[in-house]
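K.L.:
Dock chains B and C against chain A, hints included.
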Amino acid sequence: MKKTLPLLLTFFVGVVGAMGYFVPAGGMTKLSSTLNDFGIIIAAVAFVLGGINIVQVNIPIVVRRRPDWGYKLVMLLSAVAVLLVGFRLHEFWSPAEKGTVSVSPVSDMLVGTPEAADTAIIVVDGGPRDLLVKIDGKTVLDPARPGEPARMPIRARVRVEKDAAGNVIPHVVNVSDTARTTPPRYDEYEVSISLVAGGEATVKPHLTYLLGPEGQPYLWLFNYIFAPCNATMFALLAFFITSAAFRAFRLRNVESGLLLGAAMLVMMGTIPLGAELSQTWLYRLQEWILSVPTVAGRRAIMMGAALGAVAIGLRVILGLERSHLGGD
Amino acid sequence: MNLQPWLTADVVGAWIAVFLTFCILSFLYKDNPFYKLAEHLFVGSSVGIVIVNTYYGPLKPNLVGRLWDDHNWWYIIPLVLSLCLFVRAASRSLSWVGRYPVAFVVGLYAGINLPAVADSNLLTQARATASDIVVERVDVNNASPGKLRKLPGFGSAVAAKVVGARKAIGGFKSMGQILGPYADGKGGLLPQEQQLSAPQLKLVSYAMSGPRGIRAQAFLGAYHSGSKDDPYKPEKKYFLFGILSNLLMLAGTLAALVYFYFSVPHKGAVGKVARFGIWTLMLGFGASFGYTVQGRISLAIGRAFSILDKDKADLHKNQVHSAYVALISIVLIVAGIIYFERRAKRRPPPADPSGDGGGVPNEELPQY
Amino acid sequence: MSATPANAAPRGIMERLRTMDRRWLFLCMGLAIVLPIFFPIGLPALPGDATVDTYDAVASIKDGSRVFMSIDFDPASRPELEPFAKSVLVQLKRKRCKIVIVSLWEYAPPLINGYVRSILQAPLNPGGPPDDPLNKIYERKTDFIFLGFKSGKQAVINTLGQSLPTAYPTTQEGEPVGTIPIMEGIRSVQDFKDSGILILISAGFPGAKEYVELLSRYELPIVVSTTAVSRTDLQPFYSSGQLKGLVAGMQGAAEYEQLVNPPGEQLGKKGLDVLNIGTLVIILAIVLGNLIYLAERRQQKRAQSGGAS
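Those sequence lines, one after another, are chains A, B and C.
My numbering numbers the first residue of the first sequence as 268 and each following residue consecutively.
My numbering numbers the first residue of the second sequence as 3 and each following residue consecutively.
My numbering numbers the first residue of the third sequence as 5 and each following residue consecutively.
No lab work stands behind these hints: they were computed from the structure.
Just so it is clear, the structure is predicted and the values come from calculations on it, not from any experiment.
Please note that the accuracy of each hint is not assured.
Pairs of lysine-lysine residues, derived as BS3-like cross-links and limited to a Cα-Cα distance of at most 30 Å, are as follows [unchecked claim]: (1) C:LYS248 / C:LYS305; (2) A:LYS429 / A:LYS405; (3) C:LYS102 / B:LYS169; (4) B:LYS62 / C:LYS248; (5) C:LYS145 / B:LYS62; (6) B:LYS149 / B:LYS62; (7) A:LYS297 / C:LYS102; (8) B:LYS274 / B:LYS239; (9) A:LYS297 / B:LYS62; (10) C:LYS157 / A:LYS269; (11) A:LYS401 / C:LYS140; (12) C:LYS99 / B:LYS163; (13) B:LYS312 / C:LYS140; (14) B:LYS163 / C:LYS305.
Using C-beta positions, here's what the derived DEER-type ranges look like [as the list claims (entries may be wrong)]: (15) A:PHE279 / C:ARG100: 23 to 29 Å; (16) B:VAL13 / A:THR475: 55 to 61 Å; (17) B:VAL14 / A:SER369: 24 to 30 Å; (18) B:ASP33 / A:LEU408: 55 to 61 Å; (19) B:VAL89 / A:THR475: 34 to 40 Å.
The C-beta atom is built at its ideal place from N, Cα and C for all residues, glycine as well.
Isolated chain A, as found in the complex:
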């Protein structure tokens, strides 16, 4: 039970995985792709488990104030911060309605004016003041600042028109985040309003600040905390390879001489300076080194490794290799 069943499982899954290669028939393809999908899911859970394990290992260090506990606390806090802004938690508290509209047939602003015959007022107020408001596809602009979008609260006068059948053509009000922020900080609210001449509609958007993998906070942490650290960690290698090249790359024998020579030729040949100085001879030479001896050597390694992979794969599938199952 503890070892036999897992071995049978390995055999079954391995055979199906291999048969999927040879038998492109519908049933086998479906079975093979479904098992592959199971593998995708288990691999994903293993990722999550790894993350949980890091938290599990470091919490006792922080709690017991072991050396470097401060750094571990920073690590845990940054993980928690990313998790809090990375999941779409706003879906739990965002209102069912993204906004409300109240319509009045009489507008205080228009009453008694000649404009009341064919216009109406739309008021938009609610949420951050720098949200972008569009009415019928056109951005509402600030009359005091030419070309700039108006800031809330907005009072806009619109024409009331009817179609050929005599129905009032509704106006579409869209409230969204400004184009300055990509991706948007808030979700979008769009509503269609039918107004009578001289009337007024008040739109109150209740936009939710977006979290999740496409949200601004998550991307901020990714772009300004994770990405520079990730890139710089690897950038350190440029310096270490200089030191390694100085200290360790030694011309000891024929083999190391060939390695050194090929490395220098390839390095000089690939850079434009080398191509220019050598009138492209170095460039052509490094292309030849890359396409003939390198391919020859790599092919031999690949073929040898392929034979090894086939042998190990067969051993695993047939249950001759059991090290992955651990001891009893």
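P.N.:
Just chains B and C now, kept in the frame of chain A:
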């Protein structure tokens, strides 16, 4: 592109990014608290990113969605196997439960890789090594565009133009008629699809010469209409350098395979062949090292561009001023390192809680 | 035998160089990276055969075709792969191609969304003619779709070759893949064989090598952009014809940028200047290190032969 100025949060973020970059670069001097801070921020944020992306990428659509929305109950199998992984992590006595998902995954990947690797890495590579030893030179006056584009400096656009040109003039009479435009920049032929600058044209014309250049790989058969009544048969000539290269590739591959064959002692003739094999491998490793070096330098170049605002539009450069932030960061970090070093010198070494001179390890002492 | 005064000075220099603090080397490399940014040389790249083949393969697909892209890299590999990623998206946009994007690396999605926003969903030639394809704003689900990240490595790739909807039942926003217009008629990556191309941008494992191993049986047209480190690993696939093109490292990406000539900043070409000098510093370090080593060996041999006599 219509650029918008960055929000304040993004500007501050860019400053923090520069500061963290120098925190990590300070490791080149020595390990220090700034580096440790940045390192732990990096590890923590990467854990969060992995979990978020793993949930929304594979877990939610492939597992949660299938069970909750589609009611595909077969997906209880991976759910149970995944729970087995958690049980294994949580309980020592029940750790055998974790064998099932491991067995599944190991078997699956063995099954997937076995035929794929055998075909792609073994059979296809062996076929490619053994085939096409003989290489013929390209007859510029008769070759198809597909063959012409294999010539150095050609591409689809040039090949198409050469075909057009040879039809127009009734066949090239000399290599100069094809190569001329590369030398002086005039003429109707454009390498690739854009006009090259003078230095580029010079480089391309140099590339045409040499043992792998066009003069070695092409020849001029007389132009003919291609009809079956046309008696002219252009003389086939062979690309000697190409043939030698292919022979060397075959010999090198076989010799390297002999090197990896350890069932026979590497003595005598076998030893000599194995030696040639190792020389072939060394040339390949040298090329690999050369590329690795350039790859590593490229990573540092990216950071340098970022710190010096070379990767930002002018509008954003004027908001961020990364160079000033870099100077301030360097001053802060240098001052901080000096402070921490002086503090470490002034502090007495930590007392040994075990009281026996430190010979016995104590769980309270740092293990890392 | 005691050292003569004439021998003492060179031995001192060699000894000093041999035991030099490696931080001086770090400083030299730092200067080699920073100074060329201010004093560029400006030499152009000479596009290699593999890069030209990649460009040709993408250029030869029909305008309006559907293209499959797998973008698998993290911020660390951006300098080497981002110039190609941006250039090829511009090239595809010029050809009005429709693009299906997936990813096997968990750190790639924010980068991919950034390229989508800045290239596919932005006008790239605002002053140009209105029907310039570079100014088209790509619509999600009809002109492009980013299906998201999947873990599982080879299992994902294998599933893509057999049944794409099994690997990607929905997008990350929860939309069933079968309802997306651009995915109509696509059961697997084999459906990109005749009209399109597979473009793989990969920084390591899982990536191009696994794609080629698992999908080469379908004889798909695949081009790859990879880091310089992986160039030699993928060269055999290119030589055998399993790959139609191969662009490697910042060098290759700069060559590709030169061929495509995308609007805006061309960081690959700028990076080449720095690469020139940085590579020279490494070569000098190797040469110097070996000179020191050879001088030491000579001194040891002299000391041994002096001791023997």
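K.L.:
Take the hints in turn and mark each one as holding or not.
P.N.:
Status of each hint after checking the structure:
Under the criterion of a C-alpha separation no larger than 30 Å, the hint pairing LYS248 of chain C with LYS305 of chain C is inconsistent with the structure, at around 53 Å. Restraint check: the Cα-Cα separation between LYS429 of chain A and LYS405 of chain A comes to about 19 Å, which is no more than 30 Å; the hinted pair holds. Between the alpha carbons of LYS102 of chain C and LYS169 of chain B the distance comes to roughly 36 Å, so the proposed pair goes past 30 Å and is violated. Of the supplied pair hints, the one linking LYS62 of chain B and LYS248 of chain C is violated, its CA atoms being roughly 36 Å apart against a limit of 30 Å.
With a CA separation close to 20 Å, the supplied pair LYS145 of chain C and LYS62 of chain B stays within the 30 Å bound. With a C-alpha separation of about 50 Å, the suggested pairing of LYS149 of chain B with LYS62 of chain B is violated against the 30 Å cut-off. For the given pair, LYS297 of chain A sits about 27 Å from LYS102 of chain C by alpha-carbon distance, which is consistent with the 30 Å threshold. Annotation: proposed proximity of LYS274 of chain B to LYS239 of chain B is violated, straight-line Cα distance about 34 Å (limit 30 Å).
Proposed proximity of LYS297 of chain A and LYS62 of chain B is supported: the alpha carbons are some 21 Å apart, at most 30 Å. For the given pair, LYS157 of chain C sits about 28 Å from LYS269 of chain A by alpha-carbon distance, which is consistent with the 30 Å threshold. For a cut-off of 30 Å, the pair hint linking LYS401 of chain A to LYS140 of chain C stands: about 22 Å separates their Cα positions. At roughly 21 Å between alpha-carbon atoms, LYS99 of chain C and LYS163 of chain B fall within 30 Å of each other, so this suggested pair holds.
For the given pair, LYS312 of chain B sits about 27 Å from LYS140 of chain C by alpha-carbon distance, which is consistent with the 30 Å threshold. Under the criterion of a C-alpha separation no larger than 30 Å, the hint pairing LYS163 of chain B with LYS305 of chain C is inconsistent with the structure, at around 64 Å. At roughly 47 Å, the beta carbons of PHE279 of chain A and ARG100 of chain C sit outside the given window of 23 to 29 Å. For the pair VAL13 of chain B and THR475 of chain A, the beta carbons lie near 25 Å from each other, so the given range of 55 to 61 Å is not met.
Taking 24 to 30 Å as the suggested C-beta distance range, the pair VAL14 of chain B and SER369 of chain A does not conform, at roughly 39 Å. At about 56 Å, the beta-carbon gap between ASP33 of chain B and LEU408 of chain A stays in the expected band of 55 to 61 Å. Under the hint 34 to 40 Å, the C-beta atoms of VAL89 of chain B and THR475 of chain A, about 38 Å apart, fit the expected range.
Consistency note: the structure conflicts with the earlier hints numbered 1, 3, 4, 6, 8, 14, 15, 16, 17.
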